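J.: One-letter residues, chain by chain:
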Amino acid sequence: MRVVLDLEGHDAYWQMALDEALLVLRSLGRIANTLRIYRFKPSAVTIGYFQKIRESVNLEFLHERGIQYTRRITGGGSVYHDTNGELTYSVVLPIEGALADASESYRVICSGLVYALRKLGAPGEFIPVNDVAVYGKKISGNAQTRRAGFLLQHGTLMYATDLDTVEKALLAPREKLESKGVRSIRERVITLREVIGEVDVNALVESLIEGFSKALSAEVYHDVLSEEELRAADNLVAKYRSPEWIFKR
Amino acid sequence: MRRISLVSRYTKTVKLDIVLGENCEIIDVVVSGDFFAYPEEAIERLESKLKKCNSRTCVEEAFGEISGAVILGIDVADLKNRIAELLENCTTASLMEKEKVTPQP
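Going down the list, the protein sequences come from chains H and D.
Start counting at 1 in the first sequence, then tack on 14, and there's your number in our numbering.
Start counting at 1 in the second sequence, then tack on 299, and there's your number in our numbering.
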């Protein structure tokens with residue numbers, strides 16, 4: 015499995031376009047299985063494919079702060095991607111073996127995150143359907159889409175996310191928080207820094223690569239994006255910027 | 300026309316924003332939430348099939364259209380039942396309303 019790092023980061027439209035481009039190219043047999051670890055720069059919000067944007071994020075706050083937002087091709091909930099406190103990963107793989115069952119595939123891929131967290135001293139655990147938690151609080155959300163026999167899963171790892179901004183940027187129905195026994199989003203989530211102290215981002219990246227390698231039983235090698243991948247992503251950026259896509263629901 | 304929001308919380312949340320016509324038929328419906336569906340287009344097919352439905356049978360047929368899809372985080376059978384009940388209650392309420400205004404001989 016190739017590993018492509020983008021720790022300098024790119025904007026939300028590019029990152030989401032590139033994830034979709036990699037899924038398409040993988041399904042066409044143009045590229046190998048690929049793991050990306052990247053940042054959103056500037057910080058941004060993404061929402062799930064089925065979410066209504068106005069019910070999921072505080073648009074007024076995002077506009078006031080100049081925070082970008084877009085819709086993902088994957089389901090799930092809204093996420094604040096903090097440039098200085100969150101890493102995102104994505105992986106494109108064939109749907110086979112343990113990945114054939116959708117629920118099980120979340121468990122398998124998320125076990126890479128659990129491994130990385132435990133290696134760094136945080137007792138991570140997978141919480142179905144799609145979360146990884148430490149001490150019962152969410153530290154990673156994950157989302158997947160499936161096309162033509164291949165899957166794209168991307169997810170977050172909050173290592174030092176500004177949780178005050180999370181609280182203001184995202185809207186969570188009161189009933190949903192109550193069902194999880196908390197009163198606010200802030201109470202429901204945790205960062206790696208809160209668990210183990212200052213985080214060495216390079217060590218975190220290495221742990222994630224090792225974790226996904228073990229989770230997927232795959233040897234890994236570092237690589238860079240090809241011209242074809244860059245072109246394919248470029249062609250999709252306009253979609254992720256477009257009001258038609260963002261305000262689809 | 301009546302606008303109704305039906306929110307159901309399972310492992311994930313699903314919200315249906317439904318517009319009902321005068322004869323309790325679904326004129327429009329938008330399904331939203333933080334759930335997962337594979338393929339995602341199944342939900343758009345469901346929305347399309349639910350339009351014009353005014354009975355449990357029709358709702359069941361509409362859900363039959365997505366029986367091959369994998370949906371995570373939602374109890375699909377319960378959701379189907381809630382929509383069917385909404386239509387049944389609407390019909391009952393409308394009938395009672397009509398009886399109320401029927402002129403007495």
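Warning: the hint list may mix true and false statements.
BS3-like, lysine-lysine: derived pairs with alpha carbons at most 30 Å apart [to be verified]:
{"hint": "1", "chain 1": "H", "residue 1": "66", "chain 2": "D", "residue 2": "348"}
{"hint": "2", "chain 1": "D", "residue 1": "379", "chain 2": "D", "residue 2": "314"}
{"hint": "3", "chain 1": "D", "residue 1": "348", "chain 2": "H", "residue 2": "262"}
Because the hints were derived from the structure by calculation, they are not lab data.
For clarity, every value in this text was computed on a predicted model and none was experimentally measured.
J.: Flag every earlier hint the structure violates by its number, smallest first.
T.: none
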